[in-house]
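We have chain A already, so just place chain B on it with the hints.
Protein chains: 2
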Amino acid sequence: MKWKRSERLVDMTYYLLEHPHKLIPLTYFSELYESAKSSISEDLGIVKETFETKGIGLLITVPGAAGGVKYVPKLHLDEAENTVSDLITELSRSDRLLPGGYLFMTDVLGNPEMMNRVGKVFATAYASEKVDAVMTVATKGIPIAHAIARHLNVPVIVVRRDSKVTEGPTVSINYVSGSARRIQTMVLSKRSMKSGQRVLITDDFMKVGGTMNGMKSLLEEFGCALAGVAVLVEDGHADKQLADDYLSLVKLCDVDERNRTIQLEAGNFLTEGGFTS
Amino acid sequence: MKWKRSERLVDMTYYLLEHPHKLIPLTYFSELYESAKSSISEDLGIVKETFETKGIGLLITVPGAAGGVKYVPKLHLDEAENTVSDLITELSRSDRLLPGGYLFMTDVLGNPEMMNRVGKVFATAYASEKVDAVMTVATKGIPIAHAIARHLNVPVIVVRRDSKVTEGPTVSINYVSGSARRIQTMVLSKRSMKSGQRVLITDDFMKVGGTMNGMKSLLEEFGCALAGVAVLVEDGHADKQLADDYLSLVKLCDVDERNRTIQLEAGNFLTEGGFTS
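Protein chains in written order, with UniProt numbering: chain A, 1 to 277; chain B, 1 to 277.
So here's chain A without its partners, still in its complex pose (with noise of 0.2 Å):
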């Protein structure tokens, strides 16, 4: 079957699209469209331009035998900021407060559409950083940390609270859980995690940042190197005691249990994720 450019076009993109951050070498696009290597090059220039046009990505075009073209999840600025402040109005919504001024946010964690969003938010502020796997701790960060490594195209590795049997032998560490100052526990599977990789690791939340830094000391145990902290909602007024470098989406500001409001704003993505605009 002969492909005409405009059907290259869509089924190009479609190929693109999910194969984030890696090398295609031309000869496979001109192979499976039985089509010359200029007319593919001619294809992905428009690919390209669009890509970057609309904030889609970026097009990286690697030279020479070992070459190739490479997409790279890269978003627009303003798409970053429609984001934080689609996520700002959701998490605002007062029938959201649980007693004790806990934050109910299960369904924006369990809405496929906005944890894409958010992954490929993430995905562009680490699209230039070498990044081998990112990391999360059980339950809750799990659809942020996949959302985020689908768009690197890296693996996930999901540290637990307790150990089970279909793990394997595990690493455990002790931690200081920052707020209350109890110490806690994570396991993480010996086969999860080989050493020498810089991980990038996330969570919903973040208090004190004792979790993340119980994640770091894990890091540490198994050989591997911290690539950056990724945070959905940080609290506001928690002294960051414990975390250093970090980015987050949302800063919660105030709960008010009584008037019962939410007070939420931009968290430190929009300023230091990168965006060059």
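Capping the alpha-carbon separation at 35 Å, the derived lysine-lysine pairs in DSBU-like fashion look like this:
id	chain 1	residue 1	chain 2	residue 2
1	B	K37	A	K48
2	A	K190	B	K240
3	B	K194	B	K240
4	A	K4	B	K37
No lab work stands behind these hints: they were computed from the structure.
Just chain B, lined up with the frame of chain A:
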């Protein structure tokens, strides 16, 4: 800015892929691209043909004033077969064997590309069913649930083993875990699910179906109906006394601890997943 057809095709493909199962009015595209509806219809015709030829999905056109176009992810049989055979190859590696005959699968569940393929395969099977949400039990089913839910564009509901303060009021049920006939507990936040929904339940592994049965009881408790049961790996030896209608991608047939071999075969998905070819 005036859009060329080639640019519209790339951007339209991106937009449709990002919004599965969502009806998009033609005016959305014609205003976005400042193009006549007739041009947009021609564009969509090209996208539709390519999507269908390549097994990306269907493009369903709904005529009339409230009409539009809807992308429904629907793979061809061969892509589903490839996913199943890649899963079998991956899961039969002998170093996955754990004491007690358990299978280490955590890395497969942490592979976003594989989860994306699994999600699309299951979304294909339920493409024409009414599914309002996807439900799973924490922790290991979460990546599968999110992958399916993203392609069906519905929320994910996560059932827990214990209640947490950040979940608000919960409903708790007891159920019999199949093989050991032990009484266990499942907890779901009351805010997580409205009544009257049709829910697809999913998990990474199914033995006799006790956990699935627990989720079914929860559905009844919430006044919801079962839309289907999707399992990554089923235990081929276990008597599915508690499960009736389910789709499995892979069946675990034999685990030989002494010779360290694992035997898997295709689950019932390929024959019962509703492929028409």
